[in-house]
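Take a look at the letters that make up each chain.
There are 2 protein chains.
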Amino acid sequence: MSGHIIAVDAMGGDNAPDCVFAGAALALQRHPGIQFLFYGDDVRIAPLLAKYPALASVSKICPTAMVIPADMKPSVALRQGRQSSMALAIDAVARGEAACVVSSGNTGALMALAMIILKRLPGIDRPAIASFFPTQRGESVMLDLGANAACDASNLVQFSVMGAAFSSAVLGLTNPTVGLLNLGTEDSKGRDEIKEADGLLRNLPTLPGQYKGFIEGNDIPAGTVDVVVTDGFTGNVALKTAEGTSKLYSHFLRQALQSSFVAKIGYLLARRAFDSLKIRVDPRRYNGAMFLGLQGVCVKSHGGSDAVGFANAIGVAVDLVQNRFNDTLRDRISATSSVSADS
Amino acid sequence: MSGHIIAVDAMGGDNAPDCVFAGAALALQRHPGIQFLFYGDDVRIAPLLAKYPALASVSKICPTAMVIPADMKPSVALRQGRQSSMALAIDAVARGEAACVVSSGNTGALMALAMIILKRLPGIDRPAIASFFPTQRGESVMLDLGANAACDASNLVQFSVMGAAFSSAVLGLTNPTVGLLNLGTEDSKGRDEIKEADGLLRNLPTLPGQYKGFIEGNDIPAGTVDVVVTDGFTGNVALKTAEGTSKLYSHFLRQALQSSFVAKIGYLLARRAFDSLKIRVDPRRYNGAMFLGLQGVCVKSHGGSDAVGFANAIGVAVDLVQNRFNDTLRDRISATSSVSADS
Numbered sequence: 001m002s003g004h005i006i007a008v009d010a011m012g013g014d015n016a017p018d019c020v021f022a023g024a025a026l027a028l029q030r031h032p033g034i035q036f037l038f039y040g041d042d043v044r045i046a047p048l049l050a051k052y053p054a055l056a057s058v059s060k061i062c063p064t065a066m067v068i069p070a071d072m073k074p075s076v077a078l079r080q081g082r083q084s085s086m087a088l089a090i091d092a093v094a095r096g097e098a099a100c101v102v103s104s105g106n107t108g109a110l111m112a113l114a115m116i117i118l119k120r121l122p123g124i125d126r127p128a129i130a131s132f133f134p135t136q137r138g139e140s141v142m143l144d145l146g147a148n149a150a151c152d153a154s155n156l157v158q159f160s161v162m163g164a165a166f167s168s169a170v171l172g173l174t175n176p177t178v179g180l181l182n183l184g185t186e187d188s189k190g191r192d193e194i195k196e197a198d199g200l201l202r203n204l205p206t207l208p209g210q211y212k213g214f215i216e217g218n219d220i221p222a223g224t225v226d227v228v229v230t231d232g233f234t235g236n237v238a239l240k241t242a243e244g245t246s247k248l249y250s251h252f253l254r255q256a257l258q259s260s261f262v263a264k265i266g267y268l269l270a271r272r273a274f275d276s277l278k279i280r281v282d283p284r285r286y287n288g289a290m291f292l293g294l295q296g297v298c299v300k301s302h303g304g305s306d307a308v309g310f311a312n313a314i315g316v317a318v319d320l321v322q323n324r325f326n327d328t329l330r331d332r333i334s335a336t337s338s339v340s341a342d343s
Numbered sequence: 001m002s003g004h005i006i007a008v009d010a011m012g013g014d015n016a017p018d019c020v021f022a023g024a025a026l027a028l029q030r031h032p033g034i035q036f037l038f039y040g041d042d043v044r045i046a047p048l049l050a051k052y053p054a055l056a057s058v059s060k061i062c063p064t065a066m067v068i069p070a071d072m073k074p075s076v077a078l079r080q081g082r083q084s085s086m087a088l089a090i091d092a093v094a095r096g097e098a099a100c101v102v103s104s105g106n107t108g109a110l111m112a113l114a115m116i117i118l119k120r121l122p123g124i125d126r127p128a129i130a131s132f133f134p135t136q137r138g139e140s141v142m143l144d145l146g147a148n149a150a151c152d153a154s155n156l157v158q159f160s161v162m163g164a165a166f167s168s169a170v171l172g173l174t175n176p177t178v179g180l181l182n183l184g185t186e187d188s189k190g191r192d193e194i195k196e197a198d199g200l201l202r203n204l205p206t207l208p209g210q211y212k213g214f215i216e217g218n219d220i221p222a223g224t225v226d227v228v229v230t231d232g233f234t235g236n237v238a239l240k241t242a243e244g245t246s247k248l249y250s251h252f253l254r255q256a257l258q259s260s261f262v263a264k265i266g267y268l269l270a271r272r273a274f275d276s277l278k279i280r281v282d283p284r285r286y287n288g289a290m291f292l293g294l295q296g297v298c299v300k301s302h303g304g305s306d307a308v309g310f311a312n313a314i315g316v317a318v319d320l321v322q323n324r325f326n327d328t329l330r331d332r333i334s335a336t337s338s339v340s341a342d343s
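Residue numbers (the working numbering), protein chains in the order written: chain R, 1 to 343; chain A, 1 to 343.
Do not rely on the hints blindly, as some may be mistaken.
If chains are identical, the list can't say which one is meant, so a pair holds when it fits in one copy or spans any two.
[As the list claims (entries may be wrong)] Heads up, simulated DSSO-like pairs for lysine-lysine below, C-alpha to C-alpha not over 30 Å straight-line:
| id | residue 1 | residue 2 |
| --- | --- | --- |
| 1 | Lys264 | Lys278 |
| 2 | Lys278 | Lys247 |
| 3 | Lys212 | Lys195 |
| 4 | Lys60 | Lys119 |
| 5 | Lys247 | Lys264 |
| 6 | Lys278 | Lys119 |
| 7 | Lys73 | Lys119 |
| 8 | Lys264 | Lys51 |
| 9 | Lys278 | Lys60 |
| 10 | Lys189 | Lys73 |
| 11 | Lys195 | Lys278 |
| 12 | Lys189 | Lys119 |
The set of hints was computed from the structure by calculation and includes no laboratory data. Computed from a predicted structure; not experimentally measured.
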């Protein structure tokens with residue numbers, strides 16, 4: 001087989017397995033040359049794959065009998081889920097049969113299994129979940145989005161290095177700027193671990209001139225920095241709050257435009273503008289969260305994503321593989337660790 | 001003097017003292033009968049007050065020589081700021097000369113001075129900052145918004161009781177629902193203190209049937225619950241992220257509507273609808289954060305608020321005074337504490 005091989009957990013997510021194949025077919029159009037290994041119940045997925053002849057010609061089904069349920073605890077998934085579609089898809093990356101794995105399944109289980117099967121990169125204490133989002137200046141990256149409810153200063157420093165490398169690989173930025181999320185920009189504010197991380201980052205030679213200090217919540221959508229670093233609890237809340245606020249604004253806009261006959265006419269005339277706005281804030285565009293800090297590329301697609309969202313998640317994985325992202329990350333982390341060890 | 005007397009720190013905030021008087025004049029139109037004590041530099045503020053004869057006729061200037069700077073640390077404000085316009089306005093409430101105090105000044109200093117001068121309500125370990133915000137279902141309350149960067153389970157339980165009382169007083173809800181912000185709705189997720197608070201709240205007779213368990217970031221703008229409870233770090237980030245996202249959406253909308261001639265015509269026709277939308281998401285509407293848990297009503301206006309925003313902050317203070325909010329809160333806290341002591 002030539003080209004990159006993507007291992008896909010075909011059974012994870014609310015709309016699996018149907019949307020998985022529609023999404024993969026779309027991704028194949030965008031990235032000709034990629035190939036797929038689909039892990040799942042072959043009785044269910046074989047007819048779905050057959051609907052897409054071009055996709056079927058570059059794919060192989062790997063039959064699995066078990067699916068990790070959406071509400072299974074990570075610890076249970078580790079004990080009982082090693083023969084699941086999710087775990088076996090990750091195994092393919094660990095064995096070098098696939099270049100990356102994509103799943104819409106249970107996030108906690110995926111992270112736990114990926115940590116055990118792929119192992120962490122040397123120098124990384126805690127892997128993090130990173131994703132990008134729209135800003136006034138373009139797109140930015142935020143991490144951690146939920147892998148670690150609490151973090152210490154050295155976790156936050158590692159997230160900064162990983163986030164900057166991710167931003168370079170996916171968004172193509174040469175020297176992305178990094179900010180540490182806090183409840184104020186004054187030095188005296190915030191939690192102890194954040195103040196400590198701020199001190200470490202100011203003197204970190206791995207991010208020369210890139211660290212911009214504390215930022216606040218409003219800086220996330222403003223795009224003040226290219227990489228927003230925070231613990232998984234705060235990042236998760238911030239990302240979901242932004243998604244919800246965007247929905248609220250759409251809701252208010254719809255109500256306003258239906259409030260009078262003249263407003264409705266105005267809406268009809270400006271319809272294409274509204275459609276372009278919808279596309280711009282469409283969360284599917286930003287689907288595909290990367291598990292950073294593992295010895296392998298593992299991308300999580302949103303559990304509720306449809307075919308378009310799933311295709312975008314595959315696109316993120318392909319970008320990371322093509323850019324040899326994990327090699328770059330390994331070098332940067334190694335440079336950061338040796339500095340820390342020296343100091 | 002008849003009616004409620006408002007003590008105003010006339011020197012705090014980016015647009016003080018000018019917008020303070022324009023705002024107070026507007027508040028007086030909305031709440032006839034209220035009176036004012038203005039604390040500040042009388043040479044500067046006397047001519048400003050003279051511009052509003054109706055306001056001047058129900059106001060008194062209390063000359064003060066010192067102003068707390070926006071960047072002064074709370075600990076320094078406590079040592080050096082006791083003769084400031086801010087501290088002396090709070091003193092007026094402590095002495096019973098005013099019913100409440102309103103300031104646009106340094107939040108940390110205001111909280112520190114108010115805690116020392118007004119003292120906490122019995123049974124409250126940590127006062128919290130609460131404010132309301134627009135949702136798909138109307139308006140909700142969130143706390144803490146930044147007074148406490150880290151909180152334990154009992155702080156979060158007290159915030160829940162205070163937030164529910166605040167929602168009843170300002171929004172008129174009889175049995176407001178309460179949710180605890182987390183990074184997932186499953187019992188197994190989140191930080192230890194949040195899981196512990198969840199257990200305590202499920203059995204709290206002071207909030208019968210009102211506690212709805214964990215909520216996520218997207219539930220804040222969705223209006224899933226009437227009262228969102230979280231620590232001050234997360235609340236601060238979530239509120240500012242929502243404000244920033246609203247601005248981002250407006251920015252995208254503006255760009256979309258200027259993208260073509262037809263879109264511009266559509267915009268002109270739907271202009272009144274857009275104006276109504278602007279009013280609906282106007283952060284000035286939601287200005288006025290209450291410091292809950294003190295023996296006195298202390299309302300913080302946004303540092304950058306203009307006259308309209310300041311008038312709204314005064315309106316929040318008037319609502320709380322007229323509803324005898326602190327008496328109700330004292331009773332509820334006392335009921336909660338006795339339950340906790342019994343158990």
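Structure-based check of all given hints:
| no. | hint | verdict |
| --- | --- | --- |
| 1 | Lys264 / Lys278 | both (17 Å within a copy, 17 Å between copies) |
| 2 | Lys278 / Lys247 | both (10 Å within a copy, 16 Å between copies) |
| 3 | Lys212 / Lys195 | within (13 Å within a copy, 34 Å between copies) |
| 4 | Lys60 / Lys119 | within (26 Å within a copy, 70 Å between copies) |
| 5 | Lys247 / Lys264 | both (20 Å within a copy, 24 Å between copies) |
| 6 | Lys278 / Lys119 | neither (39 Å within a copy, 50 Å between copies) |
| 7 | Lys73 / Lys119 | within (20 Å within a copy, 45 Å between copies) |
| 8 | Lys264 / Lys51 | neither (41 Å within a copy, 44 Å between copies) |
| 9 | Lys278 / Lys60 | neither (36 Å within a copy, 53 Å between copies) |
| 10 | Lys189 / Lys73 | between (35 Å within a copy, 9 Å between copies) |
| 11 | Lys195 / Lys278 | neither (39 Å within a copy, 37 Å between copies) |
| 12 | Lys189 / Lys119 | between (36 Å within a copy, 23 Å between copies) |
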